[in-house]
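With chain E's structure known, arrange chain Z with the ligand on it following the hints.
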Amino acid sequence: MKVTFPHMGNVWIIIKTLFEMLNVEVIVPPLTSKKTLDLGTKISPESACLPFKINLGNYIEAAQEGADTIAITGGIGPCRFGYYGELQRQILKDAGYSYEAVILEPPDGSIPGLLKRIRYLAGNHNSWGRIMKTIYFAYQKSVAIDRVEDLIHAARPRLENKPATELLYQKALASLVSVTSYRGLEEVVRSVQQEIAERQAVQNYQSGSGSDPLRIGIVGEIYTILDPFSSADIEKQLGFLGAEVDRSIYLSGWVGKHVFQGLAKGYRSMKSYPRLAKPYLGHFVGGHGQETVGSAVKFAQKGYDGIIQILPLTCMPEIVAAGILPRIQEACNIPVMTLTVDEHTGNAGIQTRLEAFVDLLERSNCLRKKVPKELVSLERMC
Amino acid sequence: MKIGFPRALYYFDYYPFWAGFFYNLDIELVTSEPTHRGIMESGLKMAHDETCLPVKLLAGHINSLKDVDYIFLPRMVSVEEKTYLCPKFLGIPESVSAAVDGDIPVITVTINWREGQNQVLKALEAFGLKLGKGKAMIRNAFQEALKWQTMYGELRRSGEDFEESLDLCEKSFTILPRETSLKLAKTNQYKVCENREPRPGIALVGHAYLVNERYANLDLVNKLRANVDLKLIEETETKAVENSLKGLRKKMFWSQAKKILGAGYSYVDDETVDGVIYLSCFGCGMDSVSQDMLARRARKAHKPYMVITLDEHSGEAGLVTRIEAFVDMIVRRIENESNLSAYGKCLDNN
Ligand code: SF4
Numbered sequence: 001m002k003v004t005f006p007h008m009g010n011v012w013i014i015i016k017t018l019f020e021m022l023n024v025e026v027i028v029p030p031l032t033s034k035k036t037l038d039l040g041t042k043i044s045p046e047s048a049c050l051p052f053k054i055n056l057g058n059y060i061e062a063a064q065e066g067a068d069t070i071a072i073t074g075g076i077g078p079c080r081f082g083y084y085g086e087l088q089r090q091i092l093k094d095a096g097y098s099y100e101a102v103i104l105e106p107p108d109g110s111i112p113g114l115l116k117r118i119r120y121l122a123g124n125h126n127s128w129g130r131i132m133k134t135i136y137f138a139y140q141k142s143v144a145i146d147r148v149e150d151l152i153h154a155a156r157p158r159l160e161n162k163p164a165t166e167l168l169y170q171k172a173l174a175s176l177v178s179v180t181s182y183r184g185l186e187e188v189v190r191s192v193q194q195e196i197a198e199r200q201a202v203q204n205y206q207s208g209s210g211s212d213p214l215r216i217g218i219v220g221e222i223y224t225i226l227d228p229f230s231s232a233d234i235e236k237q238l239g240f241l242g243a244e245v246d247r248s249i250y251l252s253g254w255v256g257k258h259v260f261q262g263l264a265k266g267y268r269s270m271k272s273y274p275r276l277a278k279p280y281l282g283h284f285v286g287g288h289g290q291e292t293v294g295s296a297v298k299f300a301q302k303g304y305d306g307i308i309q310i311l312p313l314t315c316m317p318e319i320v321a322a323g324i325l326p327r328i329q330e331a332c333n334i335p336v337m338t339l340t341v342d343e344h345t346g347n348a349g350i351q352t353r354l355e356a357f358v359d360l361l362e363r364s365n366c367l368r369k370k371v372p373k374e375l376v377s378l379e380r381m382c
Numbered sequence: 383m384k385i386g387f388p389r390a391l392y393y394f395d396y397y398p399f400w401a402g403f404f405y406n407l408d409i410e411l412v413t414s415e416p417t418h419r420g421i422m423e424s425g426l427k428m429a430h431d432e433t434c435l436p437v438k439l440l441a442g443h444i445n446s447l448k449d450v451d452y453i454f455l456p457r458m459v460s461v462e463e464k465t466y467l468c469p470k471f472l473g474i475p476e477s478v479s480a481a482v483d484g485d486i487p488v489i490t491v492t493i494n495w496r497e498g499q500n501q502v503l504k505a506l507e508a509f510g511l512k513l514g515k516g517k518a519m520i521r522n523a524f525q526e527a528l529k530w531q532t533m534y535g536e537l538r539r540s541g542e543d544f545e546e547s548l549d550l551c552e553k554s555f556t557i558l559p560r561e562t563s564l565k566l567a568k569t570n571q572y573k574v575c576e577n578r579e580p581r582p583g584i585a586l587v588g589h590a591y592l593v594n595e596r597y598a599n600l601d602l603v604n605k606l607r608a609n610v611d612l613k614l615i616e617e618t619e620t621k622a623v624e625n626s627l628k629g630l631r632k633k634m635f636w637s638q639a640k641k642i643l644g645a646g647y648s649y650v651d652d653e654t655v656d657g658v659i660y661l662s663c664f665g666c667g668m669d670s671v672s673q674d675m676l677a678r679r680a681r682k683a684h685k686p687y688m689v690i691t692l693d694e695h696s697g698e699a700g701l702v703t704r705i706e707a708f709v710d711m712i713v714r715r716i717e718n719e720s721n722l723s724a725y726g727k728c729l730d731n732n
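Chains E and Z, in that order, are what the protein sequence lines are. The opening position of the first sequence corresponds to residue 1 in my numbering, with each subsequent residue numbered one higher. The opening position of the second sequence corresponds to residue 383 in my numbering, with each subsequent residue numbered one higher.
Only chain E is shown next, with the shape it has when bound in the complex:
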């Protein structure tokens, strides 16, 4: 058995770790590219969403490298993602790829059924204790990734040497891939922190401390906000335009919610979102629609300068949220922009819209509340 899985931003680092530490052969699909998307689009239903198409492409490319089993999470609705695993299995089969799909969910609510599936993937050579320990370590790794990402979000608009920042980020991710101890995780995060602090010190010494960057909150459908390919690397682009970004969902939050059923809360908890959303959307709507609304309120309350929602074309929960965001824009007096993405979205198009949005925020800058100047603020440490 050679297991593969769909890409979603940095999630591959976690899943690779998980399977490798359990001695299960895993094939990481080639990083998502234009070609991946083309391959996926060709055999997807036309009105499926962008993540669906990308993932089908991932499976095809992984099959070319010998993968025969897909591990994917499931769901019981109402978001259609819950049915994707099964539909994709059918599509791949009809297209001539003989994949087995293991959907990690309790079938008809049965926990033993879920355990059986995990056992199937992990093989008989792993004890449950070892499986649980490994899952927990993988989770901690996702927290480390989130912390690194967050530091980079802060560094991008502030450090002048942009390529050096990207290099730092890539290097940190590369070391995280192979780390197998908790101490190792801590060290990577520390070293990123330190390097940023040093560079900023030098920069401040040479040219004085710059002004505070704009702050933009990114909300929306989880896949597209976690996966840079599907959103034309919006976080990096905004960083280069001088804005500091934060987003509504972090990888570990997702792992905590889906794998630990909310018992582990992740690097940045999403718990407050439903409560914050309540005055605008009093019920969950599947996917992360209510979280989108709630996090938009949170960003507004925290004095962010603007909010960007990413919506994969035809995504039902996010369309509901998109219908409500104008109310928040009005009530909280914060500019909101919705970016719809699909397989035809070009990077250039997104870039122009981001530039225009940042421009707009800069012009209304005088109303802005002050943000703390030091880079590694307390909030980031906890």
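Distance ranges between label pairs, derived from CB positions:
| hint | chain 1 | residue 1 | chain 2 | residue 2 | range |
| --- | --- | --- | --- | --- | --- |
| 1 | Z | 653 | E | 123 | 46 to 54 Å |
| 2 | E | 123 | Z | 702 | 55 to 63 Å |
| 3 | Z | 700 | E | 109 | 40 to 48 Å |
| 4 | E | 109 | Z | 517 | 28 to 36 Å |
| 5 | E | 118 | Z | 553 | 53 to 61 Å |
| 6 | Z | 629 | E | 359 | 49 to 57 Å |
| 7 | E | 110 | Z | 497 | 14 to 22 Å |
| 8 | E | 365 | Z | 521 | 52 to 60 Å |
Worth flagging that the hints you see were computed from the coordinates, not collected in a lab. Every residue gets a Cβ at the ideal spot worked out from N, C-alpha and C, and that includes glycine.
Using the frame of chain E, we list chain Z with the ligand on its own:
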């Protein structure tokens, strides 16, 4: 007190329930007019660009409701165990009324059958109390509402069309005694199919608010009825629908898709059905799953299959041509059945 009920979306599946409920609460329910150009246009203008046609139409209908005290927009989360309705149904009260933004207050109640009938009743009690009605009255109204809905279902299965069924259902509880209306329904049914040449059998599947929305679908049902023996989901036995879903590896979690797929699969296996048409609409997220699944099944069984995707620009001429081509293909196929096989011919996608 007058409550406005938009003639869109859940109207086409669940109006009898709500009509029965409010009738027995002694509350006047006013529906918006059948869709016309003005309603459609205002809906297109007001609703969120990316949303689907049925939700856009809903926005138009909400906007067209005048002279009522409240607009009623239920939040229909689930209508049976272990399923949901489309995510958009879950957010209707907030997201669509945000788009329309009129002066008439919106009232809502959450219907969630996942947690059982008692929870539904509880929610309705709280809702009814706010409207100033007593508990006993509300309980009775709920029981009656279920009867209305059942009666509507029976009428549809007996072959009565959508509008007739609604009408008869309402009358049978308000004017005529129940028996009379059922008999009426039966006689009507037999009148239709006497002395006819055998015609091709075609099944039309899709969301009730597309199939029964005569304006938006350019009267597709009657256009088809003029040429073929038409089968609709509502006329198909629930048993057949459920049975044909048994083979699914993963249970379908949307009620709408369950009906469409269950009926669709049964048509694919049904020898009296010569072809299947899936009526979909632009921007429907659910159909991207269920349409694709049905298309695969039809292709494997070599059943002629066609998708019609409605959008705000759907034109009469294009639709007629496509139907004609499909029906012609099927007729030819039937004629050639024994010798020349046309198997595998499929007109999926536009
Ligand atoms: S099921 Fe499709 S058509 Fe119906 S409301 Fe949802 S997205 Fe719209």
